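Student: Going by our numbering, the first residue of the sequence shown is number 986, and it counts up by one from there.
Rather than coming from a laboratory, the hints here were simulated on the basis of the structure.
Values in this document were obtained by computation on a predicted structure and should not be read as measured data.
All clues stand as given, with none of them false.
Here are the computed distance ranges between Cβ atoms for each label pair:
1. 1329 - 1103: 41 to 51 Å
2. 1177 - 1049: 18 to 28 Å
3. 1239 - 1073: 52 to 62 Å
4. 1181 - 1083: 27 to 37 Å
Distance condition first, Cα-Cα at most 25 Å in a straight line; then the derived SDA-like pairs of lysine to any residue:
5. 1052 - 1103
6. 1236 - 1351
7. 1052 - 989
8. 1236 - 991
9. 1052 - 1104
10. 1052 - 1155
11. 1236 - 1222
12. 1236 - 1356
13. 1052 - 1145
14. 1052 - 1161
15. 1052 - 1158
16. 1236 - 1255
17. 1236 - 1115
18. 1052 - 1160
19. 1236 - 1354
20. 1052 - 1172
21. 1052 - 1154
22. 1052 - 1173
Glycine included, each C-beta is placed from N, C-alpha and C at the ideal position.
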Amino acid sequence: MALLLAGSCLSVLGAVLIAPVLPQMTDHFAGVPGSGALVPIVLTVPALIIGLTAPFAGFIADRIDRKRVLIVAMVGYSIFGTAPLYLESLSTIIGSRVLVGLCEAAIMTCCTTLIADYWSGPRRSRYLGLQTLLASVSATVFLGVGGALGSSGWRTPFWLYTIAVLLAVPMALLIWQPARVASSVALPPIPWRQLRVPCLVTLAGGVVFYALIVELSFVLDEVGVTATATIGALSALMSLATAVAAGSFAKLSGQTPRTLLPIAFGLSAAGFLVIAATASVPVITFGAVLTGAGTGLLLPTLLTWATNGLSFAERGRGTGLWTGTLFIGEFLSPVLITGVGAAVGGLRPALGLLGVAAALLALSMLWIVPRDATRLNVTHN
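With these hints in hand, go ahead and build the complete structure from the sequences.
Tutor: So this is what it looks like as structure tokens:
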């Protein structure tokens, strides 16, 4: 269990580790045409690749072997993740990040599917909540470490990608592969009707979840906070709030998505609106903490809602589809914020509009989430 949870944290490492050094990277590649738009892609392109390839990773996990796919992806993650240590051009660094995203898609899908394979009912809900909790705690650590290492140069944080190859060895020895559908037996179709609404809500949730992971460093830089260690520490406070909220999910998982999703989107909306309303660093930090609390509750609610009703033969593809939808939303998040910011006069006004959209999402959950959506801790095999 500990190995699967550790593996689940690697997509978080890829998402947040280099966020504090983005301003440094922008300065380093200032002479590259379009670098202002290309540097954030170094952080976000893995999310796009996860979104595009996670459903295929889920198909392979259902058809072939969850464990084997996981181990290969862990090794590849370390190889491609450390490539920016020696790559010189921005284009090749982006290319290496594409390959990181491909590995992350397999890692995230296989780890989540194996957790759902090993347990069911309330224990499954508890462990999926724990997965989000530990991912959030790791985000707090990675943001702080990334900011501290960034003080020695923007390349230094990429050394942490070696963690994956170290985890691959005990994974190969200790993780067991559940019985799978025989290759001669046709897989049952994915229950599209069951997954449609959770995945659509998750698409919006990905935009909300990833917004401040990417943009908070730029917000802080805009109001005069330029030290990477300080940016990392303040970002870590947001991730700590995410962890605390995710930790509460185990006690709240007896509720329905219809109850929890309005709370999650509502807290996120409040945080965005607070950030948009002020240039004060302490108040901006408070807004980030509010949003972090909302996203900490949001992800385990969406994940458990989507996967609870899936059978073993459907679970890899269903989990891959949900994961892909989440990361497509994450990739679109900075793209949408940048576009809206150009239209409304800046980053913080754009985040204010995202806050309004999140508030509308909170209200719409009462109509979008079906009344018969099951409680999150019901038992399924």
